[in-house]
Amino acid sequence: MKILRNPKQKKVLYGIGLILLAAFPFLITNSYYLHVCISIGVYILLATSLNLVTGFAGQLSLGHAAFYGIGAYVGALLMLNFDVNFFLAMIASAVVSGLFGLLLGLPTLRLRGDYLAIVTLGFGEIVRLVFVNWAEVTRGPLGLPGIPSPSIFGFQISGRTAFYYLIIVLVLLTLFVMNRIVNSGVGMAMQTVKIDEIAAESIGIYPIKYKLIAFVVAAAFAGIAGCYYASYIAYISPTTFVYNTSVTILAMVVLGGLGSIPGSIIGAVILTLVPELLRFMSDYRMLIFGALMVFMMIFRPEGFWGASKRVKNIYKIKAGGGKNGSDSGDNQRHN
Amino acid sequence: MKRKALTAVFMAALLAMGLTACSSGGGSTDSASESDTIRIGCAIPLTGASAQDGQSIQNGAQIAVDQVNEAGGIDGKQVELVVEDDKGDSSEAATVANLLAEDSTISAVVGHFNSSCTLAGAPIYNQAGVVEISPGSSAAAVTDAGDYTFRVITTDAVQGRYLAEWAVNDLGYQNIAVLYENTDYGLGLAQVLEEAMADLGANIVVQEAYEVGATDYSTVLTKVASSEAEAIIIGGLYNETALIAKQRSSFGLENMQIMGVDAIYSDALIELGGDAANGILLTGYFSDASTSQVAQDFIAAYEEAYGEMPATYAAYGYDAALVILDAIQNVGADRAAIQEYLSTLEGLEGATGINSFDENGDVIKDPMRMTIENGEFVVIE
Amino acid sequence: MFTQQLMNGITVGGVYALIALGYTMVYGILKIVNFAHGDVFMMGMFLGMFFTQSLGLHYLIAFPLAAAATAFVGICIERIAYRPIRVADKLAVLISALGVSIFLQNLAMLVWGTETHTFNSGITVQTYRLGSVTLSNIQIGVIVLCCVLMIVLYVVVNKTKIGVAMRATSHSIVSAKLMGINTDRIISFTFGVGSVLACVAGILVGIYYDAVYPTIGYSYGLKAFAAAILGGIGSIPGAMLGGFVIGIVETFGAAYISSGYRDAFAFGILIIVLIFKPSGILGVKHVDKV
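Residue numbers (our numbering), protein chains in the order written: chain P, 1 to 335; chain Y, 1 to 381; chain L, 1 to 290.
Derived by calculation from the structure, the hints in this document are not laboratory data. Note that the structure is a prediction, hence the values are computed from the model and not measured. Virtual Cβ for every residue (Gly too), placed ideally from N, Cα, C. Check each hint, because a few of them may be wrong.
Taking lysine to any residue and the SDA-like style, the derived pairs with C-alpha atoms no more than 20 Å apart in a straight line are [as the list claims (entries may be wrong)]:
(1) Y/LYS77 - Y/ASP66
(2) L/LYS159 - L/HIS171
(3) L/LYS277 - P/LEU103
(4) Y/LYS77 - Y/ASP326
(5) L/LYS277 - P/ARG110
(6) P/LYS209 - P/PRO107
(7) Y/LYS365 - Y/ARG161
(8) L/LYS277 - P/GLY113
(9) L/LYS161 - L/ARG185
(10) P/LYS209 - L/ILE275
(11) P/LYS10 - P/LEU172
(12) L/LYS159 - L/PRO237
(13) L/LYS161 - L/PHE189
(14) L/LYS177 - L/VAL157
(15) L/LYS277 - P/PRO107
(16) P/LYS10 - P/LEU20
(17) L/LYS277 - P/ASP114
(18) L/LYS161 - L/VAL174
(19) L/LYS277 - P/ILE208
(20) Y/LYS365 - Y/ILE380
(21) L/LYS277 - P/LEU106
(22) L/LYS277 - P/ARG112
(23) P/LYS209 - P/LEU102
(24) P/LYS209 - P/ARG110
(25) Y/LYS77 - Y/GLY332
(26) L/LYS161 - L/SER188
(27) P/LYS209 - P/VAL177
Take a look, some chain Y residues computed to stay more than 10 Å from chain L by CB distance [as the list claims (entries may be wrong)]:
(28) LEU81
(29) GLN127
(30) GLU165
(31) GLN191
(32) VAL378
Input sequences plus hints: build the corresponding full structure.
Structure (structure tokens):
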């Protein structure tokens, strides 16, 4: 990684990386690989957005799939029932998901830690049950088939290659926005809140504000991911937006390294690829996957791109949360 | 930070490329051996809530493949079943569909099981031009899923209406309780029953959903007990039906008639339900009491291979594979030719009856009536 | 119908309460949520089935054996998956627990297959009619056992020597160690007891519904977890109360409003209670200090 220190060489490398990403569909015509790459892209959106809430603002959320689902349903319903253009539908998905993010963020006024986690879990379950039971609108478990592909200026985006470029654009956009937030005053305030809410308050950072910002932004990006997914698969049903999906996204964030954007990307890549690579041993693959999660946490709890990988950190905080409770969490650290 | 992010994107790209490079290397060996095997995909849930049914389908399809291979294969080529797990989840199904559609050595696909998975996979199979034959998706929406989407199971409408007519016209029930699982399957069937009952002039007095894998039915059964219902129609599968049958006696409903469609046909219903399963009435296409020679051969082969009686979905899995094998025997392993052949297929006898497809790729066959007597399925003439 | 539904709710609630006791004990000591507890419950069921059906033992011998085996599973989970990372971040423990949960489910699928099994314990379910209400011996067993076990646990934690050690460990592991308490042993003991309770709940569910399958732990685990939090996690009477409340609320919600939303009622009430009283009904309020 030494060459990466030199900014010029770095730029060249990024250039090559981007060109490779852009050229990918021409080099690889296998649509399964493209599909896997697209799935990775969707999960990068989901993981980086959850990372904002859990990694940066320190709020454990087990209901991220709900926002993904809300985005998917809002987008799909607008496109199916009102012939709304994909990109407008995507904005609407982001807005509606964001509003629900605000709603879920409100309990953080009073709750934290495991309590918040269970509320977000409950929220996720309730949203799923609404998808299942509000059959007049969502067609319930039957799902919504035939969701149209996006079109720009009359040009129809269809086929995996076009969707691949679209997700690349969305991923770059998300990474750009996330980077700007994280490196701004807002992002720093979020990290302060994560370390110690009371201390943050004492230096004039209003914790609730930053927690809410994190929830709303994260939900909005998950909504965008949902809308994209709906259009790409052309069919959505409640089975996709379940607790397991939330857990998978959280696992990506934690395995990648909490509070690290590259970490979330790596987490998304690895957790999408590993089950695919283990496909040949179908009976054992989830067994191995579970064991891998445990061993990863034992031998590398800071994640793939955790603290040791990070050169500079304004607060010198340990990645992976450091101390997050104030009284009860503390007494176990010396064990 | 931003640079790091870009580095990560870059690394991700490299990783993905490395992966594709090594796996496409593996792929080329596949195409080299293409000449001496015919490969059929089998995309079914092997983990998750429907794993049991997925396993049945795989077993059934394997029997059909084994039978062909034992008879010397097709044109001297052995047939291989390529099994992929879709977890019963529509996004995973899309991944599996891409995987199978992209592999040009796959001639056609048996799958998927859940209607949601079939629908998620349909655009991919249709775009790639691969026939998918669903052994278990009975939802109405599958009808319009595309030219390459077929199924060997009839729609909910066919069986649901048949069952409703049996209950109302022949058995004289006027007040019906419908208990259905809260999935695409259960809801679809419940809707069909609702329409059919309205047409027949009978009332649905209780209509309640339950979650797949639920163990406690006390709430819904208490509601049934305090209603006017004369019979319970179940829109779900055998496990839950067995539990409902068993638990009904605790609520004074031991004489309540339970009815269902072929989704409840399984030895598991009798095993789990015990004595409570006796007297359940069901419609279906497959039964171990069937007089069809194809069905009897299938049952014998299945019992020998797996040591148990085949469930309905095993028979559907067998039929789906059988239809594909029949096409390959007649027109070869070419994907488009298989589709063309199947679109006009008529009168192929399988374990679940005579298979013919209509213009939408839906199968046309007549259900039979069954009941359980002393722990065995019996066909009612 | 009302009284019958109430009885139904109490029975389901009793099972939730038994599982919730395991969650609450582990949380009380370690301040971590053992997300794999629902799957320990499932393992308890399968082990109960294994000892009675596969080995053909009488249930009076088989069930204590199953409980011991489940306790062993629980202790192993703690030793392998939690102990090395106890000092690390809570999230690491959470992910590790999720990993254990996936592992156990798939292990059960490999060993026993994905199909639903009958439990066949040799105990027959008998139903009694009291006016318009029917009750079975197992239902009564669930409720009675639940109360007895809660009282026993309460006494153990509050009146015995090991209970004192548990409370000390829960207060501060470091100070407890300084006082000469073998905290590792106390933690193992807690996991063991929690797993035995899960096994008891599993066996009761097995006998009552006569059905066992590998993913059964998920929904029971989730509801029990909700029950533990609702009652005030860390509080033994709270777990019990939470279990009954969740059981009754979901039964009435399903009976009188919509059975499709059954699970939503449980989580809905949980969220509402937590927003107004974040520490749960009987929980102790923590004050954060800088």
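Structure-based check of all given hints:
1. Restraint check for Y/LYS77 and Y/ASP66: the C-alpha separation of about 12 Å stays at or below 20 Å, so the hint holds.
2. Annotation: proposed proximity of L/LYS159 to L/HIS171 holds, straight-line Cα distance about 16 Å (limit 20 Å).
3. Straight-line distance between C-alpha atoms of L/LYS277 and P/LEU103 comes to about 18 Å, which keeps the hinted pair within the 20 Å bound.
4. Only pairs whose Cα atoms come within 20 Å are accepted, and Y/LYS77 paired with Y/ASP326 is accepted, the gap being roughly 14 Å.
5. For the proposed pair L/LYS277 and P/ARG110, the alpha carbon gap of about 9 Å is at most 20 Å, so the pair holds.
6. Using a Cα cut-off of 20 Å, the hinted pair P/LYS209 and P/PRO107 holds, with the two alpha carbons roughly 13 Å apart.
7. For the hint linking Y/LYS365 to Y/ARG161, the alpha-carbon distance of about 14 Å falls within 20 Å, and the restraint holds.
8. Our distance criterion of 20 Å between C-alpha atoms is met by L/LYS277 and P/GLY113, whose separation comes to about 15 Å.
9. Taken as a hint, the L/LYS161 and L/ARG185 pair is honoured in the structure, with Cα atoms around 13 Å apart against an allowance of 20 Å.
10. At most 20 Å may separate the alpha-carbon atoms for a hinted pair to count; P/LYS209 and L/ILE275 meet this at roughly 18 Å.
11. For a cut-off of 20 Å, the pair hint linking P/LYS10 to P/LEU172 stands: about 17 Å separates their Cα positions.
12. Annotation: proposed proximity of L/LYS159 to L/PRO237 holds, straight-line Cα distance about 15 Å (limit 20 Å).
13. Proximity of L/LYS161 to L/PHE189 is assessed by CA-CA distance (about 13 Å); at most 20 Å being required, the pair is judged to hold.
14. The straight-line distance between the Cα atoms of L/LYS177 and L/VAL157 is roughly 18 Å, inside the 20 Å bound, and the hint therefore holds.
15. A threshold of 20 Å between alpha carbons decides the hint, and for L/LYS277 with P/PRO107 the separation of about 11 Å falls inside it, so the pair holds.
16. The suggested pairing of P/LYS10 with P/LEU20 holds, with an alpha-carbon distance near 15 Å, which does not exceed 20 Å.
17. At roughly 14 Å between alpha-carbon atoms, L/LYS277 and P/ASP114 fall within 20 Å of each other, so this suggested pair holds.
18. Taking the CA atoms of L/LYS161 and L/VAL174, the gap is about 18 Å. The hint holds against a cut of 20 Å.
19. Simply put, L/LYS277 and P/ILE208 have alpha-carbon atoms about 18 Å apart, close enough for the 20 Å limit, and the pair holds.
20. Restraint check for Y/LYS365 and Y/ILE380: satisfied, since their Cα atoms lie roughly 17 Å apart, inside the 20 Å limit.
21. Annotation: proposed proximity of L/LYS277 to P/LEU106 holds, straight-line Cα distance about 14 Å (limit 20 Å).
22. Note on L/LYS277 and P/ARG112: the hinted pairing holds, with a Cα-Cα distance of about 12 Å set against a maximum of 20 Å.
23. Taking the CA atoms of P/LYS209 and P/LEU102, the gap is near 11 Å; set against the 20 Å cutoff, the hint holds.
24. Taking the CA atoms of P/LYS209 and P/ARG110, the gap is near 13 Å; set against the 20 Å cutoff, the hint holds.
25. Of the supplied pair hints, the one linking Y/LYS77 and Y/GLY332 holds, its CA atoms being roughly 11 Å apart against a limit of 20 Å.
26. Taking the CA atoms of L/LYS161 and L/SER188, the gap is about 16 Å. The hint holds against a cut of 20 Å.
27. The straight-line distance between the Cα atoms of P/LYS209 and P/VAL177 is roughly 19 Å, inside the 20 Å bound, and the hint therefore holds.
28. Once the 10 Å rule is applied to beta carbons, Y/LEU81 is consistent with being away from chain L; the minimum gap is 19 Å.
29. Non-interface call for Y/GLN127 relative to chain L: holds, since the shortest CB-CB distance, roughly 32 Å, exceeds 10 Å.
30. A cut-off of 10 Å between C-beta atoms confirms that Y/GLU165 is not in contact with chain L; the least separation is 27 Å.
31. Listed as a non-interface residue, Y/GLN191 keeps its Cβ farther than 10 Å from every Cβ of chain L; the least gap is roughly 14 Å.
32. Taking the minimum C-beta to C-beta distance to chain L, about 22 Å, the non-interface status of Y/VAL378 holds against the 10 Å cut.
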